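The primary structure of each chain is shown beneath.
Protein chains: 2
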Amino acid sequence: MLRALCLSLAGVLSGTVAPAQSINDAVTSFTLENGMDVVVIEDHRAPVVQHMVWYRAGSADEPKGSSGVAHFLEHLLFKATDTMKAGELSATVAENGGTDNAFTSYDYTAYFQRVASDRLDLMMKMEADRMRNVRLTERDIVTERRVIIEERNQRVENNPRALFSEQMNATLYLNHRYGVPIIGWMHEMETLDMEDALSFYRTYYAPNNAILVVSGDVTPDAVREMAERHYGVIPANPDLPPRLRTEEPPHRAARRLTFADPRIAQPYVSRSYIAPERDAGDQDKAAALVLLAEVLGGGTTSFLTEKLQFDDQKAVYTGAFYGSVSLDDTSFDLVIVPAPGVSLEEAEASLDAALAEFIETGVDPEQLQRIRTQLKASQIYLRDNVDAVARQYGRALTSGLTIADVQAWPELLQSVTEEDIVEAARAVLRPEHSVTGYLMQAEAISQ
Amino acid sequence: MLRALCLSLAGVLSGTVAPAQSINDAVTSFTLENGMDVVVIEDHRAPVVQHMVWYRAGSADEPKGSSGVAHFLEHLLFKATDTMKAGELSATVAENGGTDNAFTSYDYTAYFQRVASDRLDLMMKMEADRMRNVRLTERDIVTERRVIIEERNQRVENNPRALFSEQMNATLYLNHRYGVPIIGWMHEMETLDMEDALSFYRTYYAPNNAILVVSGDVTPDAVREMAERHYGVIPANPDLPPRLRTEEPPHRAARRLTFADPRIAQPYVSRSYIAPERDAGDQDKAAALVLLAEVLGGGTTSFLTEKLQFDDQKAVYTGAFYGSVSLDDTSFDLVIVPAPGVSLEEAEASLDAALAEFIETGVDPEQLQRIRTQLKASQIYLRDNVDAVARQYGRALTSGLTIADVQAWPELLQSVTEEDIVEAARAVLRPEHSVTGYLMQAEAISQ
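Which chain is which? The protein sequence lines are Y and L, in order. So the first sequence is residues 8 to 454, counted in the working numbering. So the second sequence is residues 8 to 454, counted in the working numbering.
Note that these hints are calculated values from the structure, not bench results. Nothing here was measured: the structure is a model prediction, and the numbers come from that model. Fair warning: there could be bad hints in the mix.
Each pair may be met inside one copy or between any two copies, as identical chains are not told apart.
Claimed, not checked - With a straight-line Cα cutoff of 20 Å, these simulated EDC-like cross-link-like pairs (lysine to aspartate or glutamate) come out:
1) Lys383 to Glu425
2) Lys292 to Glu426
3) Lys292 to Glu418
4) Lys71 to Asp203
5) Lys132 to Glu40
6) Lys71 to Glu197
7) Lys92 to Glu426
8) Lys132 to Glu232
9) Lys132 to Glu81
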């Protein structure tokens, strides 16, 4: 079934804001009979393809008590199948001059190879094989569990900023699984076993839960033919469960936390607000929040930088961050690193005063126009990269968005007004929806 | 199968500390062939029995996204069965001069009737009937959902202290279901339907997940004969799942929250620390925490009262609370209500200074001796009440404890030393394991 028409690629960056369709990619999508979605993004400038399989299953889909199993399974998919030895897939990709990897997030797990376009058939053959035919040994489980635990040790346990961020997240989310780290809680990772991995694999690794994204030097017809041959023969999982995510209750109390660690040389204040994400057909609020993050803390001419670093000299760094793509409510984050001699309390008070002033005075139209131009450029540059463009569609489609949403997005960003941004700030930057964290040296905590 | 011997009832309260077995009740326990546990506590002083059925299923056993279903089902168990009309059970109890009710907590749901002892057979007949034969209509679902929502409105939504307490709990627990309120989050309660209720009912309401507790004027032989006839004929649920509870990751960051509500006339500071609970065969730490709560905030001669209310005059009320019985880690809670003119910050600082002083100076031996005597008395008085004694066993057995643990408890409490209490304070009263909450009037929050 053809779900979206092939859209024409047109020249852009020509002075005025381009209409939505003209900056869209040559995107074709269809669904195989077993339910597997396919997205093809043509780009014939170089004889390269990016081949990705995205599963609508990430850490937030894990069973309770098994945090980390989505990422654990990602590691295990590089082990043997019925017909491949452990490591054979990656070795084959490398022999063919390509690169491959995989990644896990809250809402998805994805596998990819970037190779010369005439190797696409081989990539599909191998990727389709490990969708259902991985054969794990107890030794694989023990070895890879050690690897992910070591990964957590290196990335989180030995990194006070990462530990701080975990505690912030766990405190921000009162009821949603986004409060649990993607890599897993250590005490749960240590219990992950063969059955945990296979149960997640059997449940979620099926064509009707997967999205094939191919970008680069390939035609939709060629992708369809290969996809039907390799992926189309895999039966759907009739027992695929719906994605049940628990929603947040009202956030009624401003929360704070203090994380003290002897390894911290530079203390700072971090603030996270619960914030809406892009929803299918309803991306306006998220677009305004993207602009808000840029206006507040997106660079050297942003509001917080001007106010807190240059004018008041309270901070050596300020930032504002908003990740618009996720299946469920996400966060809007601020950070302020105080200048020497400025306490965390003083820095936080300056930040709050600056936010209040911003809401009062509104957006500088000239600054907004600069940001609009930058965003337009970055949306266009993104298309130059077969990797980035494929990731964009994969993330969006595993996060509840459609191709139409992805294609409408650049123009939506352009249409955000000064008033939309202030309204978004008023709606989201509310103390009772937030966690404020102090990261500081351990000595500063008394007891 | 006889699991515990009948223990002799002996006279107590005679000057010195009584040995453990002598203050135990006449408790008999056995298990029916279908796996239903039975506990009989004889007390022939009055011709009354308390009949309770406890299910090892509470709100912390609910499926994700269905918070409140344990309590919802508790309401629905008063509807019709194959042979009883809706409300008939309670009406029959009332006609027979008894009382009945039910309650739901994190770890259990329990149903009980208190009646003349010759009515026990009738109670068992009706209770056994609704263990498997409830017949719900869509109208029952709609009506009772409205009732529980109204219950939440009255008890929580209209009560800022209850809302505050919910946000405190949700912030204290980073990974455990105890962070979700027993009554449920409103947005999830609104979605509870027939299938949610029946799924919970079919899974957990089975003899192999139930404990029958009968206290009062009855013999174990009589209970066994009746229980086999009424409950013994119900088949076990072969698919009863293990009680999977997610455990907390390390608490590394002191958390704080501010809840502001225009309805608050008297602001106060609340502090909760994550704390160990009584584990089977391992109740020493919990016993020390019970004493710690008493020593710190148990009455007019407690440490915090003396220090903060009388000496420093910073507070009009202080309290310390510890609920020792739960399946998983529980909390140790402190509260301080500041005296007029004392800010919440000042009250909190005084509380922290008092705790530090307590850990430094230790426990007053005279005060501890008074508390020991009070505890001994209260443990003995508890036995005078067929309701309280039956609840004690039901709660303990649904929370992972054994009859032996219940019987060892009074003497364990007596054996706690001054050093044990200070050590428990050092281990538990750690900022990074805590949430501190300010409940205040809405005006005080700035934006």
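| task | State the violated hints by number, sorted upward, taking the hints as numbered earlier in the document. | result | 7
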